[in-house]
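S.K.: Below are the chains, spelled out letter by letter.
There are 4 protein chains.
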Amino acid sequence: MSGVVVRTAVAADRAAWEPLWQAYLLFYGRKDLPADVTEMTWSRIIDPVSNVFTRLAVVDGKVRGFATCILHPRTWAIEPACYLEDLYVDEATRGKGLGRALIDDLIAMGRRDGWTNLYWHTETTNATARRLYDRYDKADGFVRYRLPLKG
Amino acid sequence: MSGVVVRTAVAADRAAWEPLWQAYLLFYGRKDLPADVTEMTWSRIIDPVSNVFTRLAVVDGKVRGFATCILHPRTWAIEPACYLEDLYVDEATRGKGLGRALIDDLIAMGRRDGWTNLYWHTETTNATARRLYDRYDKADGFVRYRLPLKG
Amino acid sequence: MSGVVVRTAVAADRAAWEPLWQAYLLFYGRKDLPADVTEMTWSRIIDPVSNVFTRLAVVDGKVRGFATCILHPRTWAIEPACYLEDLYVDEATRGKGLGRALIDDLIAMGRRDGWTNLYWHTETTNATARRLYDRYDKADGFVRYRLPLKG
Amino acid sequence: MSGVVVRTAVAADRAAWEPLWQAYLLFYGRKDLPADVTEMTWSRIIDPVSNVFTRLAVVDGKVRGFATCILHPRTWAIEPACYLEDLYVDEATRGKGLGRALIDDLIAMGRRDGWTNLYWHTETTNATARRLYDRYDKADGFVRYRLPLKG
Numbered sequence: 001m002s003g004v005v006v007r008t009a010v011a012a013d014r015a016a017w018e019p020l021w022q023a024y025l026l027f028y029g030r031k032d033l034p035a036d037v038t039e040m041t042w043s044r045i046i047d048p049v050s051n052v053f054t055r056l057a058v059v060d061g062k063v064r065g066f067a068t069c070i071l072h073p074r075t076w077a078i079e080p081a082c083y084l085e086d087l088y089v090d091e092a093t094r095g096k097g098l099g100r101a102l103i104d105d106l107i108a109m110g111r112r113d114g115w116t117n118l119y120w121h122t123e124t125t126n127a128t129a130r131r132l133y134d135r136y137d138k139a140d141g142f143v144r145y146r147l148p149l150k151g
Numbered sequence: 001m002s003g004v005v006v007r008t009a010v011a012a013d014r015a016a017w018e019p020l021w022q023a024y025l026l027f028y029g030r031k032d033l034p035a036d037v038t039e040m041t042w043s044r045i046i047d048p049v050s051n052v053f054t055r056l057a058v059v060d061g062k063v064r065g066f067a068t069c070i071l072h073p074r075t076w077a078i079e080p081a082c083y084l085e086d087l088y089v090d091e092a093t094r095g096k097g098l099g100r101a102l103i104d105d106l107i108a109m110g111r112r113d114g115w116t117n118l119y120w121h122t123e124t125t126n127a128t129a130r131r132l133y134d135r136y137d138k139a140d141g142f143v144r145y146r147l148p149l150k151g
Numbered sequence: 001m002s003g004v005v006v007r008t009a010v011a012a013d014r015a016a017w018e019p020l021w022q023a024y025l026l027f028y029g030r031k032d033l034p035a036d037v038t039e040m041t042w043s044r045i046i047d048p049v050s051n052v053f054t055r056l057a058v059v060d061g062k063v064r065g066f067a068t069c070i071l072h073p074r075t076w077a078i079e080p081a082c083y084l085e086d087l088y089v090d091e092a093t094r095g096k097g098l099g100r101a102l103i104d105d106l107i108a109m110g111r112r113d114g115w116t117n118l119y120w121h122t123e124t125t126n127a128t129a130r131r132l133y134d135r136y137d138k139a140d141g142f143v144r145y146r147l148p149l150k151g
Numbered sequence: 001m002s003g004v005v006v007r008t009a010v011a012a013d014r015a016a017w018e019p020l021w022q023a024y025l026l027f028y029g030r031k032d033l034p035a036d037v038t039e040m041t042w043s044r045i046i047d048p049v050s051n052v053f054t055r056l057a058v059v060d061g062k063v064r065g066f067a068t069c070i071l072h073p074r075t076w077a078i079e080p081a082c083y084l085e086d087l088y089v090d091e092a093t094r095g096k097g098l099g100r101a102l103i104d105d106l107i108a109m110g111r112r113d114g115w116t117n118l119y120w121h122t123e124t125t126n127a128t129a130r131r132l133y134d135r136y137d138k139a140d141g142f143v144r145y146r147l148p149l150k151g
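Residue numbers (the UniProt record's numbering), protein chains in the order written: chain A, 1 to 151; chain B, 1 to 151; chain C, 1 to 151; chain D, 1 to 151.
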């Protein structure tokens, strides 16, 4: 898509980000995410001291998608890894290259800032998303185990 | 296994940890990991300020296995997630419950300290490891994409 | 003061903390602190991933004072240092030992958790505060230089 | 001093940094600093994930001075503060502007990266150092209290 600008989210983006975040949660069946979690996540996103950040895809001045990442150390490298936890493009703008623009932007940031890798997870059955992801590389043959510990 | 003690690695454990770490790297075909990465990883492990830590499985006073984890924020919870990046039990002691003791220990730590979840990855084809992991829960249906960015 | 309980601030303490925080800012002539700074500070205080935390002094179920600290690495020790940035006791409860209870509590936490030291600054001319502080130790003979960089 | 280059310390600078670090410790009567503290400090300095960093003053290809800083959050600002913990210029190169070059460099970094302030401490009686510091601003009228908690 021509005319897409990708930039870091700042405090003034809260109102534009929130509906996309809610639509993203709805997609994953997490409409019930408590409001205080959304508050904390936003606060971490705009906190320059935290290792959580969001890149926004902006088209014609409107925020149309986001990528939220967490930089963390790992044990097989000196450089940090970047975990792309959340990626979303609003439905009206789907299929026009915004998802690709967001991932390309992270790859460019990572090469510039010296991340060891960029990684994310997706549901095995999410064919639409995987069509995009497979253009970068195949899934790496690892599955995920996750044990909830709260409550 | 009776008599297994699980405890946090400290500076004095370096000599006992190193051969297990090297055997673990060998298993994953990473014998070539540069020495300065091992140095940095050990330094982070014993640094009380870092969010990387190692729990050791000790039997009769000998270190026989380790679990190295990274605590990091996530976007769907206020509490941190614990990423179990490396888990290893030395071959001579395999099959006696040390892997299970290390994971059980992390689950107990996480419940005590309020982690939102404990997660790890394993190769789809690693049947031995998955037999153990499946006792906790099935893999969660997510695959991993990972793009190396260095070099 | 008998009956003072010192405990960590949690999300539900926001309404009780805010007037004390505002009174504290007033004392330092910082009534003009932007609301988004207060928001961010509170968010960091209740974020279990951040290294900022607040201990509250509670008397008869009412929050009467607070100590806000930042744990950070330093270069002359492996263990973190604890910087006590803000200490406040509401005027009605002044002189009854709450300041002392808050500092004593931090000393006990630090001994338990292995901080290398606990430190704070105070105005050279603040005789009231220094009377309390001098009971712990004399000021250490260092002055502070601070250059604002914003704006 | 013409020809001074200020740059970030990297792994290959260890041998050049160590004698300056030891001379600096000697100045403060801390020749006894345990070797494992120096190891940890160096590891944090070159760790891109840590918030500790060192800038080196290099003249004619030789490292002649260093500034080691810790970035940390504070409660009166959204932006991080930069604590300049260690500043040293080797004796042979004293009085030629290297200390000034190191502080100027930090001020420039801070303006670029959005730190709220840059601060440091110095002994009240250190007239030589204060002559340099007073060119930036007067000491801010605060004294420091510091309670050792270990051992």
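Misleading hints may appear alongside valid ones.
Any copy, or any two copies together, can satisfy a pair, since identical chains are not distinguished.
Stated by the list, open to error - Pairs of lysine-lysine, DSS-like flavour, derived with a Cα cap of 30 Å:
1) K150 x K31
2) K138 x K150
3) K96 x K150
Hints in this document: simulated from the structure, not taken from any laboratory.
S.K.: For every hint, state whether the structure bears it out.
M.R.: Hint check:
1. K150 x K31: This pair counts as within: shortest intra-copy Cα distance 19 Å, inter-copy 38 Å.
2. K138 x K150: Close across copies (18 Å), not inside one copy (33 Å); limit 30 Å.
3. K96 x K150: between (39 Å within a copy, 29 Å between copies)
Checked against the numbered hints above, the structure breaks none of them.
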